[in-house]
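Using the sequences and the hints given, assemble the complete structure.
There are 2 protein chains.
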Amino acid sequence: MFSYSKCLDIIENQLSSLSLEKKPIELYQPIRYILSIGGKRVRPCLAMMSHSLFSDSVESVIGPAMGIELFHNFTLLHDDIMDNARVRRNYPTVNVKWNQNAAILSGDAMMILAYQLISKTPINILPKVLDLFNQTALEVCEGQQLDMNFEKCLDISVEEYLEMIRLKTAVLIAASLATGGITAMADSKDIEYLYRFGLNIGMAFQLQDDYLDVFANNHQFGKSLGGDIVANKKTFLMLKALQSSDKNLVHELETWITRENFNPDEKIESVKIIYEELNIPEKTRQLIETYFTSGFEFFQRIHVSDERKVELCKFVTQIMKREH
Amino acid sequence: MFSYSKCLDIIENQLSSLSLEKKPIELYQPIRYILSIGGKRVRPCLAMMSHSLFSDSVESVIGPAMGIELFHNFTLLHDDIMDNARVRRNYPTVNVKWNQNAAILSGDAMMILAYQLISKTPINILPKVLDLFNQTALEVCEGQQLDMNFEKCLDISVEEYLEMIRLKTAVLIAASLATGGITAMADSKDIEYLYRFGLNIGMAFQLQDDYLDVFANNHQFGKSLGGDIVANKKTFLMLKALQSSDKNLVHELETWITRENFNPDEKIESVKIIYEELNIPEKTRQLIETYFTSGFEFFQRIHVSDERKVELCKFVTQIMKREH
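The listed protein sequences correspond, in order, to chains A and B. For what it's worth, the working numbering labels the leading residue of the first sequence as 1, then goes sequentially. For what it's worth, the working numbering labels the leading residue of the second sequence as 1, then goes sequentially.
None of these hints come from the bench; they were simulated from the model. Everything numeric in this text was worked out from a predicted model, so none of it was measured. You may find that some hints are simply not true.
As the list claims (entries may be wrong) - Computed footprint of chain B on chain A; a stretch qualifies when at least three of its residues, placed anywhere within it, have a C-beta under 8 Å from a C-beta of chain B: (1) 98–106; (2) 120–133; (3) 145–151; (4) 262–272.
Unchecked claim - Below, computed lysine to any residue pairings styled on SDA-like, alpha-carbon distance capped at 25 Å: (5) A/Lys152 to B/Ile25; (6) B/Lys22 to A/Phe150; (7) B/Lys283 to B/Ser294; (8) A/Lys22 to B/Glu163; (9) B/Lys233 to A/Trp98; (10) A/Lys233 to B/Ile25; (11) B/Lys152 to A/Ser17; (12) B/Lys22 to A/Trp98; (13) B/Lys128 to A/Asp131; (14) B/Lys23 to A/Ser157; (15) A/Lys23 to B/Glu163.
C-beta: ideal position from N, C-alpha, C; glycine also.
As structure tokens, this is what we get:
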């Protein structure tokens, strides 16, 4: 069973051996840049660790695991254009450091590179890996579209929000884990459990992100705290608060949302207080816990000894515990 | 042997049976739109006709042929953003009719749909089809990057220009023809000939486009005549003219290029006269002819009876003759 740090080593090694010193440099430089500014490589490591539940030779999962990582980074490049984001992982985004066209075209090339890596999958399992990847990639686009739609839309329900993050975030986590099962030629039932495990922990990851943006204890989280509040981002916390029956507090929250001139720190503090009065932190933690627990119910059903499951279990738990 | 019109029927049929009535509509509507505003479907038809050189059953080529058409349309969506184009095939571009983000994300989804169609290739030939497609798709991005670089660069050589159009245009024509050979399980020599046939006629197509933008006899060409001249586009004609030893005419041309206020019709007429005095139309026709002839030398080497080659020969010749 491979540990996270062992998988991370392999992935970083593979990333630095990608032949990206090619011409035209204007196309490949932004790709090298986005891959070099870090990231925890969660998805490829999940794929590898999932594969290693069943098999000690990880050869056949490396191509698709790398493909998933490149695809994920491609989505970051394009999302940053669409969101007009200026900072990513504490570095300037490609659309800022270069320009928008560079981010579009280098992103396109990255998606093709992702497929080139996926195509390295042994032929007997290639169709299955490819089908899941294609379906997932399309769902991620659908999720991004919903996310953009929500920006212009005033009344989003909590259910609609959960469907959006399922598509935008959770399905790629689910597909990473399932891909590891496919490349290890696991039983189809186990592949299904891996997928559902991933879907649930993917939901938990995203809700945790929403939560930590407001309630993290320090700044290790990478983004400045309260950014979602300042930007009126429709997160679970905000939607849940807006749905409350306490009309006074809802009205107060709406006032902050519509106010055009404000002191950001004051807005963050005030909205945090509203959230706390509405018991939103607790409700969010409960929902995270629910997804986390459901995920692990599927994980437990996988027909593999507990001993082999230790590393993957540790890794997923560690991701969730990072800032609590 | 399938005729162009038969192939076109099949492709149009397949296009209209793609299930694109999905949600979120904001993602899928621009895809339906770009596919509905026409185009001659040259690439998928080349793939099908190439396949039908060797085989009477076209089943296995349809997936990749459709994938190539979707990929081609994806490149149009993204190129139109990067070029800030407002009109495509006489209709408003997606970035104008919707907005830039819609064009980015719907383009991304189209590329994934392209891969979904490619993935329908029978498993025994899938790796070969996928490898060629991946390599070609990356080259098309490289070509687009070079094209963008050239806009900002003052001295492009004719050779650099030819390399750019090889990547941006010719390799996809080449890959379309080679893919038909691969799906028909043709001999590797014949697949190579098909590729080289396509590379040469692809070059001829693009040079013909450059030529017709200035010298077409009527407006059926779709774009308004002289658009490249007005926009100072670095086409073969312009680069060849700038390379001339007639310093007076080169200087006159440069004056038109740098002039900021001008009457477009006057500029077009004046530059046309310079081109004619420098014998550029004839030189362009000669180069087109050279590529066309080289292409057909490879076509002739393909180990298939002349009878089977008639339709493909007719189609390629027809494309080239469209406006002469």
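Outcome of the hint check:
{"no.": "1", "hint": "98–106", "verdict": "holds (count 3)"}
{"no.": "2", "hint": "120–133", "verdict": "holds (count 5)"}
{"no.": "3", "hint": "145–151", "verdict": "holds (count 4)"}
{"no.": "4", "hint": "262–272", "verdict": "violated (count 0)"}
{"no.": "5", "hint": "A/Lys152 to B/Ile25", "verdict": "holds (15 Å)"}
{"no.": "6", "hint": "B/Lys22 to A/Phe150", "verdict": "holds (18 Å)"}
{"no.": "7", "hint": "B/Lys283 to B/Ser294", "verdict": "holds (17 Å)"}
{"no.": "8", "hint": "A/Lys22 to B/Glu163", "verdict": "holds (15 Å)"}
{"no.": "9", "hint": "B/Lys233 to A/Trp98", "verdict": "holds (23 Å)"}
{"no.": "10", "hint": "A/Lys233 to B/Ile25", "verdict": "holds (22 Å)"}
{"no.": "11", "hint": "B/Lys152 to A/Ser17", "verdict": "violated (32 Å)"}
{"no.": "12", "hint": "B/Lys22 to A/Trp98", "verdict": "violated (35 Å)"}
{"no.": "13", "hint": "B/Lys128 to A/Asp131", "verdict": "holds (17 Å)"}
{"no.": "14", "hint": "B/Lys23 to A/Ser157", "verdict": "holds (17 Å)"}
{"no.": "15", "hint": "A/Lys23 to B/Glu163", "verdict": "holds (12 Å)"}
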